[in-house]
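Peer 1: Spelled out, the chains give:
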Amino acid sequence: MADLDYRELGLRVGIEIHQRLATREKLFCHCPPLMRHDEPHLWVRRRLRVSYSELGSIDPAARFETLRARVFEYGAYSDSTCEVELDEAPPLPLNLEALEVSIEVALMLNMDVVDEVHVMRKIVVDGSNTTGFQRTALVALGGEKSAIETSEGDVRLSTLCLEEESAYIVETTPQGARYRLDRLGIPLIELATGADIRSPDQAREAALKLGRILRATGRVQRGIGSIRQDLNVSVEGGARQEIKGVQELDLISEVVRREALRQVNLLRIRDEMRSRGLSPSSFESAETLDVTEHLSGSKSKLVRRSLSRGSKALLLKLPGMGGLLGREVQPNRRFGTELSDYAKVFGGVAGILHSDELPGYGITEQELSYLYREAGLDRSDAFVLVLASGEKAKLALDAVRRRVMQAALGVPEETRRALPDGNTAFMRPLPGSARMYPETDVLPVVTGPLVRKILARGLPEMPDRVISRLVTHYGLTEDLANMLLDDGRIAQFERVASEISGLSPRFIASTLTSTLRGLAGEGVAVHRIPDSALETTLRLVAEGRLAKEAIPNVFRKLAENPELDPSDLAASLTMSEEELDEIIRRVLYEEREVVQRVGMRAFGRLMGRVMSVVRGRVDGSVVSRKLRAAMEEMMGSQK
Amino acid sequence: MNLSYSGRARELLESAGAKDYDLLRVTAGRRIYEGILMPRPEILDDLHVVLKMSNGYNVGIDVEKISSVEVLGRARPPERPSPPRVSPREGLPSVPIVVTGGTIASRVDYSTGAVKPTETPEELIDLVPEIAELANVSYVPLMAKLSEDIRPEEWGRIANKVAEELNSGASGVVVAHGTDTMHYTASALALMLEGLTGPVVLVGSQRSIDRPSTDAVLNVTAAVRVAAEGPMAESVIVMHGSTSDDFAWVIRGVRARKMHTSRRDAFMSVNEAPLARVTEKSIEILNPRFRRRPSEPTEVVARVEIEPRVALVHAWPGIERGFLEAVVSSGYRGIVMAGTGLGHVPNRIVDEIGAIVDSGIPVVVTSQCLFGRVDLKVYATGRRMLQAGVIPAADTLPEVATVKLMVALGRGMEGEDLRRFMTTSQVGELTETISPSAYPPCFSGGARVG
Ligand SMILES: [Zn+2]
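Residue numbers (my numbering), protein chains in the order written: chain F, 1 to 639; chain Y, 1 to 450.
Derived from the structure by calculation, the hints contain no laboratory data. Note that this is a predicted model, so its numbers are computed, not measured. Check the hints yourself; a few may be wrong.
As a list, the in silico DSSO-like pairs of lysine-lysine whose alpha-carbon atoms are at most 27 angstroms apart [claimed, not checked]:
{"hint": "1", "chain 1": "F", "residue 1": "LYS122", "chain 2": "Y", "residue 2": "LYS19"}
{"hint": "2", "chain 1": "F", "residue 1": "LYS145", "chain 2": "Y", "residue 2": "LYS65"}
{"hint": "3", "chain 1": "F", "residue 1": "LYS317", "chain 2": "F", "residue 2": "LYS299"}
{"hint": "4", "chain 1": "Y", "residue 1": "LYS19", "chain 2": "F", "residue 2": "LYS394"}
{"hint": "5", "chain 1": "Y", "residue 1": "LYS65", "chain 2": "F", "residue 2": "LYS453"}
Looking from chain F toward chain Y, a few residues come up when the C-beta cut is under 8 angstroms (computed) [said to hold, decoys possible]:
{"hint": "6", "residue": "ARG49"}
{"hint": "7", "residue": "ALA89"}
{"hint": "8", "residue": "GLY143"}
Here a beta-carbon is modelled for each residue, glycine too, at the ideal position from N, C-alpha and C.
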């Protein structure tokens with residue numbers, strides 16, 4: 001995909017970084033902020049309700065219908081979640097440790113910390129919070145001096161909020177969703193920049209820099225999902241989109257690129273609609289036709305299967321729209337896909353069929369012509385077909401009709417979800433700021449004492465200082481130092497390097513970064529290995545009880561079963577001296593003629609044979625020393 | 001509009017002519033804040049001014065740092081689309097909702113966060129449209145009280161209103177009530193209302209209705225369903241049956257007790273199974289031993305005489321001679337003891353109790369165990385208590401015995417009349433037998449649904 005000229009397009013991007021904090025407790029209860037990997041101990045079923053008039057102007061009826069039909073299930077753990085996560089008890093006071101970390105970050109970024117922090121409730125009805133709202137507090141505001149430098153100019157910070165993490169989604173269906181409560185309530189910093197970013201690459205650079213500043217505190221969680229980015233993207237003439245949940249840094253520039261492209265293409269569709277004389281009012285009363293009867297004998301399995309289950313087939317006429325639904329808006333995403341997203345979200349249907357992709361899905365050219373004729377349309381027109389129960393199909397088509405009306409005006413403001421390839425899909429309309437109100441169960445906190453405590457102690461070093469210290473003090477390469485920072489392992493590295501003697505800092509650093517990254521790349525669940533087990537493993541190596549070569553195997557086993565004791569693993573993965581001596585004796589005996597003939601020149605050959613048996617269980621240098629000694633002894637005795 | 005600030009902050013705001021909810025520009029140090037002035041609760045200090053900014057967040061600004069305050073605009077009443085009007089439908093039973101207060105009958109104003117009482121049934125139907133399908137719901141505002149502030153004298157007002165509604169054709173009456181003392185009011189209504197023609201359903205919520213997760217939706221729907229079509233002509237409590245939004249219990253008012261400070265399923269039926277469970281679709285009877293709606297229309301009579309001066313006293317290891325005397329001398333006319341175990345009090349105060357009984361003040365004995373019945377014949381202490389003249393109330397709950405004694409004294413009962421009244425079942429508050437399935441309290445019919 002050729003890059004667009006982003007300056008000319010007036011691309012504007014802002015980033016919101018969400019970073020989980022590594023505090024001792026959750027934000028509003030004493031539970032540990034731990035992600036679980038086992039099945040919850042009990043499940044609870046809940047519904048959420050916002051009154052009809054609270055739903056606001058965005059098709060309240062449709063949203064309401066969607067809302068009231070949904071059932072959410074929450075999985076709780078009897079030993080690490082409590083009544084607070086279950087919304088069965090009021091929240092406890094705001095976690096001051098989490099507030100302290102947030103203030104520290106704000107001060108590192110030269111932001112103004114608010115004098116008194118107020119916890120708010122932000123209404124969220126997708127089920128991701130048992131309460132139906134997310135608790136969030138504004139901790140600091142950006143000022144003139146709060147900006148980070150990037151190669152394409154400064155990016156200013158606008159707000160820093162301390163929030164509770166939402167519940168972990170296990171699965172979602174049109175009828176509801178299942179969530180786990182282990183993640184709900186983990187403290188989260190939300191750091192938002194202004195819309196100062198002007199290119200996709202600058203977005204990635206800014207996110208990387210901010211992520212490193214957060215990690216430089218040494219008090220953030222690491223691992224999959226512990227940091228994620230939301231992006232606000234718009235182009236001139238387009239509209240602001242809030243894109244949620246970009247988990248990988250490398251996806252950021254692609255998401256921005258593809259979102260800019262989508263807005264450009266939507267604007268082209270608008271222009272084409274205008275040139276065809278279409279406006280929103282052209283679809284104000286677009287007709288819907290029941291074509292269940294017409295399709296009863298369809299050749300399409302998809303259609304027959306739906307109808308046999310009692311679904312209706314409803315057709316929405318879109319006069320003048322022929323060819324536009326098939327227009328690509330992002331690589332492999334068509335305008336029809338955008339309409340389909342609306343149908344899914346508002347109508348809870350599985351999807352739509354539109355005339356630009358027909359014949360297809362088993363629907364023949366003959367059936368297509370029949371539908372066009374029955375609808376009184378010709379090929380310059382388009383239609384959308386939905387197979388679902390009557391009520392759902394109506395809601396879905398009404399949402400599609402409204403989306404087409406918006407298309408005649410340009411790009412609607414939306415909350416969108418990042419897809420793995422960098423495309424985005426519609427989630428919900430952009431919420432206003434109105435649905436935020438005070439969390440009356442939590443008292444405000446005056447920040448002055450915390451600010452003074454942090455300033456007296458001194459702020460954490462900024463990332464560039466940390467890197468240069470690691471390089472000069474420990475002799476690490478800059479790459480290795482950056483990897484420690486990016487993986488959030490600096491504090492751990494420094495602890496191990498000072499506590500364990502006999503290992504080179506480089507070896508410790510690369511074990512904690514490259515070795516773990518390599519294993520993760522193989523699909524090993526290294527995030528499950530407790531820090532203490534990593535450190536014990538390194539200690540065993542330092543004490544000579546475990547071969548360096550055996551480390552990856554120990555980590556593999558620990559990832560499978562984090563409860564295991566590395567010392568026990570070391571015993572099974574390490575060869576005793578007696579065993580090694582026995583192997584060396586055997587190889588020497590089998591190769592005695594060669595040794596007699598060529599002497600020490602046979603060393604490489606013998607070393608290879610011994611290592612093929614002991615690799616990963618004994619340090620190669622130990623093997624080399626013993627083998628050399630044994631060969632010399634043999635040759636000596638022969639003289 | 002007024003100004004809710006005090007002290008330093010008040011001086012500052014007053015001098016700028018600011019009132020709550022005005023749009024202000026506040027300069028503090030190098031920053032300029034613009035936002036709506038939020039009221040400040042009394043329990044907070046007088047050193048901060050709270051603004052709601054355009055991004056929706058509230059921030060508190062230290063008055064020390066403020067160099068100027070400017071009013072940019074006056075408070076505007078919050079705009080909200082009015083809920084759709086609902087007109088009565090023919091053929092649906094009529095169910096008035098008598099409002100006494102509590103969070104169930106209030107709504108949040110999102111611009112301020114304040115929770116205000118709702119004024120029309122439309123506002124409740126706006127949140128719980130299901131009830132309009134079940135009944136023609138009307139609103140009867142009676143008082144707006146937190147339940148901990150409701151006095152015994154006010155039970156009569158509620159009873160009179162309920163009787164009036166039933167006598168004018170209501171199929172049942174819903175009483176919206178705070179949850180803290182709901183079981184006291186339910187007991188009072190049970191004892192005061194004679195000849196009930198339909199259910200009197202107390203309902204409340206443990207999660208306020210300003211939360212999307214409110215339990216009020218299920219509770220109110222179930223309560224209206226029971227009032228409209230339930231077969232029982234008794235005072236009952238209808239609240240969540242589990243922590244899930246699956247079903248509600250119908251618990252006999254005189255058997256109900258709030259057993260958890262905050263959970264949705266806080267109310268339990270003590271010493272008997274709940275009368276029924278109400279799901280989204282139906283009322284399923286679990287315990288058929290209840291008074292049914294009469295086949296002939298009858299007149300509901302409210303007998304509201306009450307003697308509020310009855311004390312409910314726990315026995316505890318530190319209770320000493322003189323404590324009960326002090327209760328009596330402060331004007332109480334009757335005492336309900338929540339004794340330990342089978343109903344005991346320490347031996348050292350038995351003589352004192354005897355003297356109180358002899359002076360004409362009845363002492364009724366219940367158990368703080370709640371589950372099971374009082375038995376004073378088993379141990380010597382109990383036998384001494386009986387000799388001292390206490391009235392053992394079998395398996396009546398301490399709170400219910402308290403209300404019952406208030407009613408008895410209010411009706412002028414004394415001596416043997418009073419003893420007979422207190423030791424026999426009037427409305428199911430006392431039973432001859434307790435079913436083995438009534439304990440443990442987690443009724444096995446699905447209460448702990450996963
Ligand atoms: Zn908890």
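Peer 1: Hints first: check each against the structure and report whether it holds.
Peer 2: Going down the list of hints, with the structure as the test:
no.	hint	verdict
1	F:LYS122 x Y:LYS19	26 angstroms, holds
2	F:LYS145 x Y:LYS65	20 angstroms, holds
3	F:LYS317 x F:LYS299	22 angstroms, holds
4	Y:LYS19 x F:LYS394	48 angstroms, violated
5	Y:LYS65 x F:LYS453	20 angstroms, holds
6	ARG49	5 angstroms, holds
7	ALA89	5 angstroms, holds
8	GLY143	7 angstroms, holds
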